[in-house]
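Novice: Given the coordinates of chain A, assemble chain B onto it according to the supplied hints.
2 protein chains.
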Amino acid sequence: MSSNLEFWLKTPIIFGVLGLIIATFFYIRVIRLPGGNETMERIAGYIRAGSMAFLARQYKTLAIYAAAVFVLISWQLGTTPGVCFLIGSFLSLLAGFIGMKAATYANVKTTQAARTGVKANALLTALDGGAVMGLSVASFGLIGLGGLYLFFKDSALLSPSMHAFAVGASSIALFARIGGGIYTKAADVGSDIAGKVVQGIPEDDPRNPGVIADNVGDNVGDVAGMGADIYESMIAAIVAAMAIALTSPEIPMLVQSGIAEDNKLMAVGLPLVLSGLGLAVSIICIFIARLMKHMNPATVLRGSLIFPPIILAVVSFVVMNCLSVTQSVTYILAAGAVGGALIGLVTDYYTSSTPVAKIAESSTRGAGITVIKGLAVGMESTALPMLIVALVAFLSNKYLGLYGIALSAVGMLGGTAVVMTVDAYGPISDNAGGISEMSGLGPEVRDITDELDAVGNTTAAIGKGFAIGSAILTVLALFSAFNIEVNHIRMQKGLEAMSLVLSDPNILIGLLVGSILPFLVGSTTMLAVGNAAGTIVNEIARQFKEIPGLLELKAEPDTKAVVDIATKAALREMILPGMIAVLAPVIIGFLMGPAVLAGMLAGSLAVGATMSLFMANAGGAWDNAKKFIEKGKLPGHKKGGDAHKAAVVGDMVGDPFKDTSGPGIAILIKVMSVVSLLIAPLIATL
Amino acid sequence: MSSNLEFWLKTPIIFGVLGLIIATFFYIRVIRLPGGNETMERIAGYIRAGSMAFLARQYKTLAIYAAAVFVLISWQLGTTPGVCFLIGSFLSLLAGFIGMKAATYANVKTTQAARTGVKANALLTALDGGAVMGLSVASFGLIGLGGLYLFFKDSALLSPSMHAFAVGASSIALFARIGGGIYTKAADVGSDIAGKVVQGIPEDDPRNPGVIADNVGDNVGDVAGMGADIYESMIAAIVAAMAIALTSPEIPMLVQSGIAEDNKLMAVGLPLVLSGLGLAVSIICIFIARLMKHMNPATVLRGSLIFPPIILAVVSFVVMNCLSVTQSVTYILAAGAVGGALIGLVTDYYTSSTPVAKIAESSTRGAGITVIKGLAVGMESTALPMLIVALVAFLSNKYLGLYGIALSAVGMLGGTAVVMTVDAYGPISDNAGGISEMSGLGPEVRDITDELDAVGNTTAAIGKGFAIGSAILTVLALFSAFNIEVNHIRMQKGLEAMSLVLSDPNILIGLLVGSILPFLVGSTTMLAVGNAAGTIVNEIARQFKEIPGLLELKAEPDTKAVVDIATKAALREMILPGMIAVLAPVIIGFLMGPAVLAGMLAGSLAVGATMSLFMANAGGAWDNAKKFIEKGKLPGHKKGGDAHKAAVVGDMVGDPFKDTSGPGIAILIKVMSVVSLLIAPLIATL
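Residue numbers (the numbering used here), protein chains in the order written: chain A, 15 to 700; chain B, 15 to 700.
Bound-form chain A, shown alone (with noise of 0.2 Å):
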C-alpha cells in the first residue's frame, strides 16, 4: 500500500505540470488570435499596460513586506521556512503576472472574435484566456506544496515549512484582493461620479480619462485579486487538513489495513491527493465546456462550476477504493461538493432573483429604501449558507472529525482550476465590452459581448458561493489545527493543555476582541475606496477643465495619468487594513497568549463569515437591482428615471461592498488563522 501511495503522492506534481502545459498551450493561442482593428488595439494596449504597471508597483510595494516577514520568520523559525514563505508568495505572484498577462490579450481577441458576429468564438476565447489563469492558479499551488511535501516528509521542518508557504500565500491574497478591490472600485466609482453625474456622459465613453483605469481595475481586482484569493483558499484548505493530520492525537482511522503508521501517512498525503485529482477532474471539465462552445453560455458556464467537485467525488471512490481507503473520504467530498453548490444556489437567488426584483420596486421610493431594502436582503442573505456550511461540518465531523471538515473544504475546492477559470472569464468579457464600446463598434458587437458579460455575472455568484463556502469551512480547520498544535508543542514539553473552555473569562475576552476586527477591516476598506476614489475624481475634474476640447472629443483624455494616480492611491491605502489582518494575531498571541487568540479567532469568524456573506450578496443584489432597470424590467421606470437613480445609489454602496470589503473580511480570517498557525510554537507556551 505504502508504495500505492508514494505513487499518488507524485500525481498532484504530474498534473500540475499537465496543467502548466496544457495553460501554456491556451495562452499560445489567445496570443495569436486577431487583435481587431487599431483603435481596439490601442486601447487593449492601455488597459494592459495599467494593469501590469499597477501590478509592477504592486509587487514593488509586496517585496519589502516580503523581504521583513521573511527575515521575522528566518529569526524565529529558521531559514528553510522562511524561505518557503517566499516560494508560496512568489508562486502566487507569478501565477498571477501569467493569469493576467492572459487576460489582457483575451479581452481584445473577445471583441474581435464578437466583431465577427460568432459567439461561440467569443466564447472560447474569453474562456481560454480565464483558463490561463485558472490553469496556472491550481498548478503552482500544488507543485508548490506537493514538491514541498516530497521534499520535507521525513523531516521536522515539514510543518513549519508548510505553515509559512501557506503565510506567503495568504500575504499576497490579503494585498491583491485588498489593494486590486480599492483599485477597481475606486476607479469604478470615481469615474462614474466624475463621468456620469458631474459631466452627463455614458459608461465607458472615450471621453472619460478615467475609463482605461475602470478597465484595468477589472483585471486587477477580478483576475489578479481574485486568482490569489483561490490560490490561496486551496493551499490553507490542503495546509490545515496535513497539519490536523501531522500533530492530532486522534486521527481517525483512513486505511483498512489499520496499522497506524500507514495510517498517518496516508492522512498527511490525502489532501494533497484529492487536489491533484481536482486537478485533474477541472482539465477534463475545461475541455468539455470548449466542446460545448455552440451552447447557450450560460448552461456552459453553470455546469462548468457546479460539475467539477461532483465529479471528483466520483473520481475518489475509484481511487479510495484503490488506495483502499475508507470511503467517508468520498462521502466527505460529496458533501463538501453538494454544499458549495447549494450555497452558490443560494447566492445565486439572492443576487438575481426575487430579492433583486424586491430592491428595484423599491427603489421607486427613494434612494433611502433602496439602501434599507439592500441592506435588509443581505442580512437575510447570510442565514441558509452558514445553515449549510454548519450542515457540511456536522456531517464530515461525523465520519472524520476535524479531519473530516479539511477535509470537506479540500472537496469544496476541488474543482479549483474551473471555478478560477470562470472567474477571470467575467472580467475579459467585461473589458471585451468595454473596448467595443469604447472603439466605437456597432450594437451588434456590444450585443454579443453584452451577453457573454451577463453570463459571467451570474457565474460569478456562484463561484463566489464556493469560494465564501469553502473559505469558512477552511478557517474552521485551520482554528482546529491552530489548537492541536498549540496543545501538541504544550504536551512535547510537558505542560498542561491550553485550557479554551468557551466560558474561561480569557477566551470571552478574546471574542469580544476578535468581532472587532472585520468591522475594522470594513471600515477602513469602505474609507479606502471612497478616498481613492475621491482622488480620481479630481483628477478627472482636472482633466476636463485643463485639456481644451476634451469634452467635444478633439482632445484625448490623459488615461494614464488616472491609471497612475488610482494605482497610488490604492496601494497606499491598503496598508492599513492589511495590517490590522496580520498583526492583529500577531499582537494578541505574544501579549496575550494562546488562549485569547483562539478566543479571538473564533470571535472574528463567527463575525467576519456573515459579514462577508452580508456585504458580497448585498452588494451583488443591489449591483442587479440596477441593471434589472436599466434592461426595462420594472414596469414604468427606465434608465435615467428617478427609481433608476436611486438604485444607482444603491450600487454605488454596494460596490465597495461586493468588490473590496466583503472579500477583504473574508480573507481577513483566512489570514489570521494561518497566521496563528506559523507563529503556534513561539506562543504555545505563554
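Mixed in with the good hints there might be a few duds.
Copies of the same chain are indistinguishable here, so a pair counts whether it falls within one copy or spans any two.
[What the hints assert, rightly or not] Here are the simulated lysine-lysine pairs, DSS-like style, with alpha carbons at most 25 Å apart: (1) Lys582 / Lys372; (2) Lys659 / Lys372; (3) Lys210 / Lys659; (4) Lys278 / Lys24.
No wet-lab data here; the hints were simulated from the structure.
Specialist: Relative to the frame of chain A, chain B by itself:
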C-alpha cells in the same frame, strides 16, 4: 454579620418604595401644571390617546404570548416559576404604563412652560416627567426581585423563580423594544416620505395626518420601549450575578470572616444590595439635577448620567466596610462606572463630533458616498466600546472571577433610574417641540424646546453607551451563569461536565448558527419598518386625495386612522423577529443539547454586540450629519439643497438602524441568554 446583611437585604425594597413615593409626587406635580391653550391640549390629547391605544393593543397581544409561556413554564418547571414569570412581565408593563402616561402629560406642560419663556421651568417639567419613568422602572424592578429573594431565599425554587422573573422582564423588553421601534420609525419615515417628499410640506406640519403618529412613536419607542429595555438590563445583570453565586463551585471569598456559608449568602445578596444603593444614589442625583435647573441643560443632564455610578462606587466603599466585605467589589463597581462613562463618551464622539462633520462633508458628493461614509463610521465605532468592555471584564475577572464580571454590569447599571429619567426626558422635549409647532406657537417657544431637544439627543448617546456596554457585560455574565448552571445540574446527576472546548466541532457549529441570528433580526426589523412605513405612506396619500381641503387647512386630517394603522402594522411586524429571539435557544437547546446552545450564544454575542453598536452609532451619526447641514454648519449648503438631500437619505437608512434594529439586536442576545438560563435544568442532561 449575618443580621447586618439581613438588614441590608431589605434596603432594595425600602429604596424601591421610596422611589415609588417620589415618582407619585412627580406625577401629581406634572399633572397639576398648566396645560396651555385649547389647541395644545387637543394635540397632546391625541398623542396621549394614541400612545395609550398602542400600549393597550400591545398588552393584549403580549397577554396571549404571556399566557402561553406561563403554561409552558408551569408545566415544565412548576407553577411558582410560572407565576414569577408573570410578575416579572407585569411589573415591566406597569412601569411602562405609568411612565408613558406621565410622559404624555409632561410633553404639553413642557411646551406651556417654554411658552412662559422660563427655560428652567421647561427643563424641570421634562425632567420630572422623565423621572416618573426612571423611578418606576428601577423601583418596580427592585421591589419585585428583592421581594422574590426574601420570599424564596431558603427554597430550591429561588433559582427557577428568579430566572423566570428575568424571562418575563426580557420578553416584555423584547416586544416593547421591537414593536415600539418599528412603530416609531415607521411613523417617522412614513410621515416624512408622505409629507416632506410627496406633498412638499414641512416636518410636524399640522396638515400631515401622520404627524400625531410620529409623536406617538417617540413615546412608545423611546419611553415605553426604552423603559422595558433598561428594566430588563437591570434585572438580568442582578439575576446573572445571583445565579453565578448560587451555583458556581468557585465563588471568590468576599467576606473577611472566611466562612464559606456566610460568603455564599453575601455573594447572592450583594447584587441586590448594590442595585438598591444605586437607586438611592440616583434619587439623590435626580434632586441635585432639579436644584441645578438654572444651569446649562447640557451640563445638568450629562452630569446626571456620569455621576451616579461613580458616587455609587464611593458609597460602596463605605457599605462594604460596614459589611466587612472585600473592597474588590468597590474597585469593580468603579471599573464598571468608568467603563460605562467612557463608552458613553466614545458614542458621543462618533455620533456628534468630527465623524459627523465628515459625513456631512461627504454628502456634497451624493447619497451613495454619504451612506458609505456613515457605514464606515459605524463600523469603526464598534472597536473602542468593545475594547473598553473587554478591559472592564478583564479587570473584574482579575478581582472576582466570573462573579466579578457580573458585578461590573450591576455597577454600570447602578444609575438605572437616572439613565431612564434622562432617556425619557428626550422624547418629552421632542414632543414638546412638536406640539409647539403643530399649535402654531411662536419661534421663541420653539427655540427653547429645540434647545432642550438637542441636549436630549446628546445625552441619549451617553445613555446608549451605558445601555449597550452593560448589555454586553450582562450577556457575558448570563452566558457564564448558563454554563455554570448546566454543569451544576450535571454534577448533581452524576454526569460529567459539558464539554465547552472551543475546538469541539459542536461548539463551532453552534458558533456558526449563532452568528446568523443577529443578522436575521436585523433583516426582519429593517424590513418591518419598511413595510409598516409603506402602509402609512399609502394611508396618508389616501387622506390627501380623499379629504377635500386638507392641504388648504380647510379640513382636519384623520390622525387617528394613521395611529391605528401604524399600531396594527407594528404589532404584526414585531412577531417574526420576536419569535426568532425566543425560539432559537429553545429549539437549538432541545434539539442539539447545551453545548451547541453555548456555542450559539457565543456566536450571537460576538456578532450581536458589534452589530448593535455598528447600527446604533451609524444611525446616530447620520441623524446628526443631517442636522449639521440643517443648522447651516456646512459652508455653502443649506436645508433643501443637494447635500442636504443626500444627508436625508443617510438619515432614512439610519432611522431603523439606530431605533429598531440596533436596539433589537442588543436585546436579542440578552433574551437568548436569559431563556437559555431558564431552560438550563431541562436540557442540561441532553
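Novice: Confirm or reject each hint.
Specialist: Evaluation of the provided hints:
1. Lys582 / Lys372: Intra 39 Å, inter 23 Å, cutoff 25 Å: inter-copy only.
2. Lys659 / Lys372: both (16 Å within a copy, 24 Å between copies)
3. Lys210 / Lys659: So lysine 210 and lysine 659 pass the 25 Å test inside a copy (11 Å) and across (19 Å) alike.
4. Lys278 / Lys24: Cα proximity of lysine 278 and lysine 24: one copy only (18 Å, versus 66 Å across).
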